[in-house]
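**Student:** The lines below spell out each chain.
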Amino acid sequence: MNVRTMQISRTVGFYVALVLFCLFAVFPALWMVITAFKQNSDLYDPMNNPFLFNLPPTLTHIESLFTQTNYPIFLWNSFIIGVIVVAITLVLAVPAAYSLARLMGHWGEHSSIAIFLVYLIPPTLLFIPLYEIVTVLGAANTVWSLILVYPTITVPFCTWLLLSFFRSVPREVEEAALTDGWSRVGVFFRVALPLALPGITTCIVFAFALSLSDYIYAAVFVSRTASRTVSAGVPTELIRGDIYYWQALMAATAIVGIPLAVVYGLLFNWLVKGFQVELPRSPRA
Amino acid sequence: MAILEVRGVAKHFGGFSALNGIDLATREGEFLTIVGPSGCGKTTLMRVIAGLEKPTAGAVLLNGKVVTPLPPRARNIAMVFQSYALYPHMSVADNIAFPLKARRVPKAERERRIRWAAGVLGIGALLHRRPARLSGGEKQKVALARAIVRKPSLFIFDEPLSSLDAQVRAMARAELRQLHDRTGVTTVYVTHDQIEAVGLGDRVAVMQAGALRQIGSPQELYYEPANTFVAGFIGTPPMNLLKHAGATVGFRPEHAMPRAAVPQFKDVATFQVCITRVEFLGSEWLAYGTVDGEFGNAKVLCKLREEAIGKVKVGEVQEFVVPRAQLRFFDKETGRRTVPAPV
Amino acid sequence: MRNETVLGGGAAGGYEEPSQCSEHVAIADRDGVVGTIMLAPAVIYVIALVAVPFFLAIALSLSDATVGNPSAHQFVGFDNFTSVIYEAAFTFALRNSIIITAATLVLLTVLTILQVELLACDFPGKRTAQILLILPWAMPVALAAIGWLWLLDSEFSPIDWLLRAVGLLGPGTVLGPANNLYYLGREWLGIGAVVVINVWRTLPLSTIIVLAGRTAIPNEVYEQAELDGAGYFRTLFQITLPALAILLIVAILFTVLVIFGDMTVVALTTRGGPGYATEILPYWAYLKGIQGGALSQGAAIALFLFPVLLAASVLALRMAYRREG
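Residue numbers (the numbering used here), protein chains in the order written: chain D, 1 to 285; chain W, 1 to 343; chain G, 1 to 325.
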């Protein structure tokens, strides 16, 4: 096999593999979107090609999702919870990350894996005692139970993410500010924070998305429909007995899931950066 | 009163000893260069002086006052970093204004000083640009402007020219020295390049492995090195150092000549040298050779003028001489300068 | 050590203690104090709502609390643990957890390596590919689970339709004779479905982790390998994989933490079925503790997760710090 053939087959192989992986990742979402627009008699005919619109696509299911179900309430609850949780997260995680990056010595700077592990502590380990705590505090069945608990997920994650952003602010720039006459606090607000702004924006996005993604706490702490979030409400409320309103269900999942994927995808490289180890600094001369 | 005094400063990082007890005092308004190989501790010393590191032992005094426990902003020092450390999110003007804002200088005065500093360095046209759009030389000027704008007691330059291209470096060197002469502020200038150190400094301090090996004028270091390290570090090419009996003998390459070229010289030491190779340098020639006899097969370098080169026979052993007054003797073990010994 | 000077200045002095300074160092300048103040709120918060509940879980598991009476804390010693272990469901739950997690990890490792190789290259449309490939992780678990539920529907699954269209499913075919594969209704298919969903949603994160290491391998290494005549697979196995080994292990350990402790997928798709085939430990804890009302027993079951999670975390930390040198 000559070189040219090998190159071509390599490229073809590459793109075939790429397409297969992309299909695997996106297939469920694709199916969600198609389903959402299908008419009943089209969808529920097993002989029909499911990927084609054998009958024209329709908006009725999406309409009924918004007008005849509690979906808008779920969206609103998720939104409110998201906003407040983002605020709490920023207040806690931004200073914590800076402190670890610059003020807590060698261990602080390299604590990123340990922090990420805190994020990975599964809710299934803690949800029962947390349920107790939340009940005792009188917050059960309200959005406040989730607002209280979600930062346990978002704060570790965002601290981890911001840690890598603060570490990438060049040390010498901060030191120049110190010799120029600012205190450490001044350097934080005037140099570190402005330079880590992309990280903070990323944090806002992720904190919001993470509070959307939880199911366990949302399902266990809140059973009252009016206070449910999207993750807990959609699987439970859009199913009447044994009857699944699939089009509405799929529309409900796609409306939240796909924009999240786009946002995460645009921030892909920042996430990779969060796991990259800082190269060892050259020894001082 | 010395602007800067360093007393017994030591700095240990875990098991590693970066500074081993440094004593130093600057003279009023001087340009002091600190030079040494990589890892000798010169940057660590600067950071301790600036307040970016706390020393493990010892004290730093500025204007007679102990400043060791104080943060950088309480010492009136301006530091120019190797990477210039400009604030990327601010314009040039804001970069220069930053130290003034820290000291709450009122706006009108601030503007005046920025214009003055920009004028001194010729960067008036760059005031609205961001650092990302500046060349290396321009960034250096902004860093300098930021340093001079607040009239500090001491400048510290940490290898400020090493990021520049060779052509730009020579010009920048001259401009830096002129800036010092103009402002009259005591300056400490760190570099690993001994040519630069010797060329720029009123005094030169040589550091090695965390210790100060010698401090003095460039001429002192060149003609009267205190130890073999300084002798071998200062000067290009470095001093020839030969082991002989109980001592180490040194002489500068330009002081060794073939006997045949200088028959009239008296009071010389003689060496049997076999020249293996000569290189044309333009104004002089460089002769590489080995010395026989009691010196083992030590390598030597000689710098010869046009008249002398004719007397050199490549590949043959010849008599070379060095005026005794130009010989330097060092202790064989410690490397310290000692009294002359018979050769 | 003293200065060595022949001529020239320099104070000849020994060490000197820093003398008393009358100036007070402001708090804003004290890095240690500022750092602690900045870190404290987050730490306190996490301790209050993670560490405390953890110890509470232990306390709960040693009590007889129920949903109806959550604050009744009668110490019952290890009764909950023993009664839980003796239940038949316990062995099933443990076994299922291990099988599903192990299968997920194996599949995930292979796919991660391949996907990382793809994403390590530059190609047109990379941005779009990144968006597509991250979707499984970005989508909220519960919503994704519902999506898969529909995708694997026993009547209308499009996968079944495709299989029928190419003649692999239906009467007289390889996968027949039925017209549908009952993914969630047959034991091994159900387990397989949960494994596939797990792999699907954890692949993006493990890819990102390993990619962080892959991009650190300098191009020159591959150029040298090409010059030396190494083929694709040899390069993969002798250069890429050893370099990525540690991060791959970290990614796998993280996945253990995500999968072993997760119950959402099972809760919304197989619901532990068919029979008890996919009833994993955390789901069983949920059934017992919340749905069944026996809080203390639920807590006890959940605590069985802890040793595995701890082992995985400790290993991940050690691997990661070994890498950071």
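Rather than coming from a laboratory, the hints here were simulated on the basis of the structure. It is possible that part of the hints are untrue.
Claimed, not checked - Result set (EDC-like, lysine to aspartate or glutamate): computed pairs, CA atoms no more than 16 Å apart in a straight line:
#: 1; chain 1: W; residue 1: 313; chain 2: W; residue 2: 267
#: 2; chain 1: W; residue 1: 243; chain 2: W; residue 2: 333
#: 3; chain 1: W; residue 1: 54; chain 2: D; residue 2: 175
#: 4; chain 1: W; residue 1: 54; chain 2: G; residue 2: 31
#: 5; chain 1: W; residue 1: 332; chain 2: W; residue 2: 294
#: 6; chain 1: W; residue 1: 303; chain 2: W; residue 2: 333
To be verified - Just the calculated beta-carbon pair ranges, DEER-fashion:
#: 7; chain 1: G; residue 1: 217; chain 2: D; residue 2: 20; range: 17 to 27 Å
#: 8; chain 1: D; residue 1: 236; chain 2: G; residue 2: 275; range: 33 to 43 Å
#: 9; chain 1: D; residue 1: 185; chain 2: G; residue 2: 238; range: 45 to 55 Å
#: 10; chain 1: D; residue 1: 68; chain 2: G; residue 2: 242; range: 39 to 49 Å
#: 11; chain 1: D; residue 1: 170; chain 2: G; residue 2: 216; range: 18 to 28 Å
Here the structure is a predicted model, which is why all the values come from computation and not from measurement. C-beta atoms are modelled at their ideal positions from N, C-alpha and C, and glycine is treated no differently.
**Student:** Hints first: check each against the structure and report whether it holds.
**Tutor:** Right, here's what the structure says about each hint:
no.	hint	result
1	W/313 - W/267	violated (24 Å)
2	W/243 - W/333	holds (11 Å)
3	W/54 - D/175	holds (14 Å)
4	W/54 - G/31	holds (12 Å)
5	W/332 - W/294	holds (15 Å)
6	W/303 - W/333	violated (28 Å)
7	G/217 - D/20: 17 to 27 Å	holds (24 Å)
8	D/236 - G/275: 33 to 43 Å	violated (24 Å)
9	D/185 - G/238: 45 to 55 Å	holds (51 Å)
10	D/68 - G/242: 39 to 49 Å	violated (58 Å)
11	D/170 - G/216: 18 to 28 Å	holds (20 Å)
Consistency with the previously given hints fails for numbers 1, 6, 8 and 10, ordered from lowest to highest.
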